[in-house]
Amino acid sequence: MSERLRARFAEAKGEGRAAFVAYVMAGFPEPDQTVPLLLGLEAGGADVIELGVPFTDPLADGATIQRANEVAVAAGVTFADCLGMVREARAQGLSAPLVLMGYDNPLLAYGEERAAADAADAGADGFIVVDLPPDEAGAFRKACADHGVSFVPLIAPTTAESRMGEVASVADSFIYCVSVTGTTGGAAVPPEVGELVATIRQHTDVPIAVGFGVSTEEQVARVGRVAEGVIVGSAIIAAIEGGSVEGCVDRVRAYVERVTGRSREGA
Amino acid sequence: MSTETRSELAPRFGEFGGRYIPEVLVAAHEELEESYEAARRDPAFREELATLQRHYAGRPTPLYFAERLTEEVGGARLWLKREDLAHTGAHKINNALGQALLAKRLGKPRIIAETGAGQHGVATATVCAKLNLECVVYMGTEDIRRQSLNVFRMKMLGAEVVPVDSGSRTLKDAINEAMRDWVTNVRTTHYLIGSAIGPHPFPTMVRDFQAVIGQEAREQMLEQAGRLPDVAVACVGGGSNAIGLFHPFIEDPVRLVGVEAAGEGLAEPGRNAATLVAGSPGVLHGTRTYLLQDEAGQILDTHSISAGLDYPGVGPEHSWLKVTERAEYIATDDAEALDGFQRLTRSEGIIPALEPAHAILPAIRLADEIGEGGDVLIGLSGRGDKDMHTVAEALGVTL
Chain A
3 MSERLRARFA
13 EAKGEGRAAF
23 VAYVMAGFPE
33 PDQTVPLLLG
43 LEAGGADVIE
53 LGVPFTDPLA
63 DGATIQRANE
73 VAVAAGVTFA
83 DCLGMVREAR
93 AQGLSAPLVL
103 MGYDNPLLAY
113 GEERAAADAA
123 DAGADGFIVV
133 DLPPDEAGAF
143 RKACADHGVS
153 FVPLIAPTTA
163 ESRMGEVASV
173 ADSFIYCVSV
183 TGTTGGAAVP
193 PEVGELVATI
203 RQHTDVPIAV
213 GFGVSTEEQV
223 ARVGRVAEGV
233 IVGSAIIAAI
243 EGGSVEGCVD
253 RVRAYVERVT
263 GRSREGA
Chain B
266 MSTETRSELA
276 PRFGEFGGRY
286 IPEVLVAAHE
296 ELEESYEAAR
306 RDPAFREELA
316 TLQRHYAGRP
326 TPLYFAERLT
336 EEVGGARLWL
346 KREDLAHTGA
356 HKINNALGQA
366 LLAKRLGKPR
376 IIAETGAGQH
386 GVATATVCAK
396 LNLECVVYMG
406 TEDIRRQSLN
416 VFRMKMLGAE
426 VVPVDSGSRT
436 LKDAINEAMR
446 DWVTNVRTTH
456 YLIGSAIGPH
466 PFPTMVRDFQ
476 AVIGQEAREQ
486 MLEQAGRLPD
496 VAVACVGGGS
506 NAIGLFHPFI
516 EDPVRLVGVE
526 AAGEGLAEPG
536 RNAATLVAGS
546 PGVLHGTRTY
556 LLQDEAGQIL
566 DTHSISAGLD
576 YPGVGPEHSW
586 LKVTERAEYI
596 ATDDAEALDG
606 FQRLTRSEGI
616 IPALEPAHAI
626 LPAIRLADEI
636 GEGGDVLIGL
646 SGRGDKDMHT
656 VAEALGVTL
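Those sequence lines, one after another, are chains A and B. To convert, count from 1 in the first sequence and add 2; that's the working numbering. To convert, count from 1 in the second sequence and add 265; that's the working numbering.
Since the hints were made in silico from the structure, they are not lab data. Treat the hints loosely; a few may be bogus.
Once the Cα atoms are required to be at most 25 angstroms apart in a straight line, the calculated SDA-like pairs of lysine to any residue come out as [claimed, not checked]:
hint	chain 1	residue 1	chain 2	residue 2
1	B	Lys-587	B	His-568
2	B	Lys-587	A	Gly-113
3	B	Lys-587	B	Pro-534
4	A	Lys-144	B	Glu-280
5	B	Lys-587	B	Glu-280
6	B	Lys-587	B	Thr-663
7	B	Lys-369	A	Gly-113
8	B	Lys-395	B	Arg-434
9	A	Lys-144	B	Pro-546
10	B	Lys-369	B	Met-421
11	A	Lys-144	B	Glu-560
12	B	Lys-369	B	Ala-303
13	B	Lys-395	B	Glu-425
14	B	Lys-395	B	Asp-473
15	A	Lys-144	B	Lys-369
16	A	Lys-144	A	Ser-164
17	A	Lys-144	B	Pro-534
18	B	Lys-369	B	Asp-446
19	B	Lys-587	B	Gly-530
20	A	Lys-144	B	Ala-561
21	A	Lys-15	A	Val-191
22	A	Lys-144	B	Ser-545
23	A	Lys-144	B	Ala-275
24	A	Lys-15	A	Gly-245
25	B	Lys-369	A	Lys-15
26	B	Lys-395	B	Leu-422
27	B	Lys-587	B	Glu-529
28	B	Lys-587	B	Glu-637
29	B	Lys-395	B	Phe-310
30	A	Lys-15	A	Met-3
Which stretches of chain A does chain B cover? Using the computed rule of at least three CB atoms under 8 angstroms from a CB of chain B, they are [said to hold, decoys possible]:
hint	region
31	24–33
32	69–80
33	143–150
34	156–164
These figures come from a predicted structure and were not determined experimentally. Where a beta carbon is used, it is the ideal one built from N, C-alpha and C, also for glycine.
Taking the hints into account, I'd like the entire structure generated from these sequences.
And the structure:
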């Protein structure tokens with residue numbers, strides 16, 4: 003629910019820190035690892051989770067997340083399967099707000115209205131749709147609003163300042179600020195990201211989470227000083243890939259504990 | 266924020282088209298749209314393009330009466346619009362010239378492009394050489410294998426050819442990789458899309474640049490045949506040569522028939538590229554259009570003997586022409602395309618590319634059906650030199 007996302011950003015703010023937003027791809031490295039990974043992310047200290055919905059043609063993603071998409075597509079993981087994973091993770095005690103992230107076509111194939119309704123029912127809290135800017139999202143935004151899930155818009159370094167207010171106005175939980183012009187897992191978050199966040203801030207009070215090019219402790223800390231949320235994706239996929247399948251949950255949890263400097267054991 | 270309010274160019278064709286793109290590319294599309302609107306109204310731009318089309322690309326291309334083939338068939342007269350005679354050997358130059366001039370206007374010194382058969386890559390590399398623009402072409406490794414001659418041509422023209430080894434290693438994946446380059450380098454780079462696909466304004470802009478095919482053919486039919494054709498037939502991959510041929514006839518009483526690639530047959534998903542015949546609507550590469558996809562919305566692999574038709578999407582205007590029933594879409598398989606290739610080669614001494622070879626047998630059937638006194642116009646979108654290795658392989662000949 004949008005409300006669960008808002009509460010989590012507010013909670014982090016109350017603790018004087020940025021929310022840590024962690025991405026994993028559903029079905030990667032193997033479908034039965036996804037629920038343990040979601041729980042491991044939360045145990046490691048993730049405040050918000052993005053669950054990637056696999057797609058054959060992830061044209062905004064760099065090599066790392068492309069590979070994860072290919073593996074998950076090859077394993078036959080569908081949007082319906084993603085909802086099943088969310089449902090199971092909730093049943094096993096996942097409390098962090100969870101946002102489904104991916105591309106428009108799998109949602110269209112499932113049905114936009116049905117996707118929003120079933121996501122809410124499964125325990126998901128929102129959507130990030132990379133290739134669905136607010137301009138084209140009228141019907142889907144309405145479906146999300148009707149079912150109480152959040153439609154999270156993106157703002158990029160190339161977004162005209164005149165457009166920022168309009169994009170921000172559709173946000174009801176947080177805004178995804180893309181730190182660099184590029185794909186995921188590409189160039190490192192640049193020093194001037196603080197200025198970008200400050201510019202967006204002039205147009206909205208909604209929390210801003212920064213992603214793309216954030217992987218090291220230093221980058222997480224630096225972005226956390228200028229934004230309400232820090233998003234890490236490719237580095238988590240890389241941690242999953244960095245050893246045996248059985249060890250992936252431990253590695254991801256260790257990574258999140260290290261970069262957040264905390265854990266939410268028992269949360 | 267609505268694209269409708271800012272533009273005189275309609276962003277959609279009915280329910281198809283639109284702009285389904287990452288936020289990072291929104292500004293570039295708005296800039297491109299504004300620049301194209303201004304350019305199309307600017308007599309100086311139109312004059313510069315017309316001059317290049319005439320003296321550099323060799324336009325107008327001939328309309329050729331295929332007399333022997335017509336005699337063999339014994340039905341309606343068969344006419345070929347000879348885009349194979351345009352500079353670089355295909356219709357792709359029409360669009361490449363238009364967009365490269367636009368990139369100059371935008372002050373973008375770097376051009377990226379995708380290519381399947383290599384014809385669009387060659388056309389783009391050619392105009393970049395002429396206009397002194399940096400050129401990077403993305404091409405699937407499977408297509409590089411099939412089209413090695415065109416790869417070498419592009420390199421000779423000064424382009425960098427980047428192999429794409431993801432997905433099906435064909436046109437779709439080359440487009441993905443070009444998009445990734447564009448989201449990274451959008452401030453300095455224009456993405457010169459090669460077909461009437463992609464986000465608004467590309468489908469409209471590419472169609473406008475290719476409409477010269479149909480405009481010329483319409484005048485030439487009236488002059489040489491004394492009447493409009495009964496039917497215009499063209500192959501459809503992304504569909505730029507077909508929409509260019511069809512568009513000027515839309516208001517006329519002319520049947521429009523698009524021929525897709527049935528590959529190894531329509532029965533098995535993933536072994537053809539007949540998007541309009543066998544697909545369903547969805548969103549890919551920034552536009553809402555017909556796609557070859559599974560029930561979960563994953564894009565299917567495609568197959569066609571011709572690299573240029575090997576694409577799981579199609580231009581959104583074709584989707585609209587299909588649902589409004591203004592155009593008909595059929596599919597021809599690999600074997601029929603090879604047959605059409607040989608028929609035209611032997612009876613007219615014109616070696617077509619494998620893409621338009623798909624339109625030959627359907628055109629012959631239409632000529633037979635319409636009968637004497639009728640006229641069938643075929644869009645011969647390119648020449649077949651590039652396909653000699655593929656054809657030899659398919660015929661079991663070792664070169």
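Outcome of the hint check:
1. B:Lys-587 <-> B:His-568: 22 angstroms, holds
2. B:Lys-587 <-> A:Gly-113: 23 angstroms, holds
3. B:Lys-587 <-> B:Pro-534: Holds, at roughly 21 angstroms.
4. A:Lys-144 <-> B:Glu-280: Roughly 18 angstroms separates the two Cα atoms, so the pair holds.
5. B:Lys-587 <-> B:Glu-280: Answer holds: Lys-587 of chain B to Glu-280 of chain B is near 12 angstroms, not above 25 angstroms.
6. B:Lys-587 <-> B:Thr-663: It is violated: about 41 angstroms lies between the C-alpha atoms, which goes past 25 angstroms.
7. B:Lys-369 <-> A:Gly-113: 42 angstroms, violated
8. B:Lys-395 <-> B:Arg-434: 29 angstroms, violated
9. A:Lys-144 <-> B:Pro-546: Holds, at about 21 angstroms.
10. B:Lys-369 <-> B:Met-421: 22 angstroms, holds
11. A:Lys-144 <-> B:Glu-560: This hinted pair holds, its Cα atoms lying about 24 angstroms apart.
12. B:Lys-369 <-> B:Ala-303: Holds - the C-alpha atoms of Ala-303 of chain B and Lys-369 of chain B are around 14 angstroms apart, at most 25 angstroms.
13. B:Lys-395 <-> B:Glu-425: It holds: about 16 angstroms lies between the C-alpha atoms, which stays within 25 angstroms.
14. B:Lys-395 <-> B:Asp-473: Cα-Cα ~22 angstroms, so holds.
15. A:Lys-144 <-> B:Lys-369: Outside the cut-off at roughly 41 angstroms; violated.
16. A:Lys-144 <-> A:Ser-164: Roughly 24 angstroms separates the two Cα atoms, so the pair holds.
17. A:Lys-144 <-> B:Pro-534: Violated, at roughly 34 angstroms.
18. B:Lys-369 <-> B:Asp-446: 19 angstroms, holds
19. B:Lys-587 <-> B:Gly-530: 21 angstroms, holds
20. A:Lys-144 <-> B:Ala-561: It holds: about 22 angstroms lies between the C-alpha atoms, which stays within 25 angstroms.
21. A:Lys-15 <-> A:Val-191: 22 angstroms, holds
22. A:Lys-144 <-> B:Ser-545: Holds, at about 24 angstroms.
23. A:Lys-144 <-> B:Ala-275: Cα-Cα ~24 angstroms, so holds.
24. A:Lys-15 <-> A:Gly-245: Violated, at roughly 35 angstroms.
25. B:Lys-369 <-> A:Lys-15: 48 angstroms, violated
26. B:Lys-395 <-> B:Leu-422: Distance ~9 angstroms between Lys-395 of chain B and Leu-422 of chain B Cα, so the pair holds.
27. B:Lys-587 <-> B:Glu-529: Distance ~23 angstroms between Lys-587 of chain B and Glu-529 of chain B Cα, so the pair holds.
28. B:Lys-587 <-> B:Glu-637: Cα-Cα ~28 angstroms, so violated.
29. B:Lys-395 <-> B:Phe-310: 17 angstroms, holds
30. A:Lys-15 <-> A:Met-3: 19 angstroms, holds
31. 24–33: That given contact is violated, which follows from only 0 residues of the region 24–33 of chain A lying within Cβ reach (below 8 angstroms) of chain B.
32. 69–80: holds (count 3)
33. 143–150: violated (count 0)
34. 156–164: Coverage by chain B holds for the region 156–164 of chain A (7 residues, Cβ < 8 angstroms).
Taken one by one, the earlier hints fail for this structure at numbers 6, 7, 8, 15, 17, 24, 25, 28, 31 and 33, listed in ascending order.
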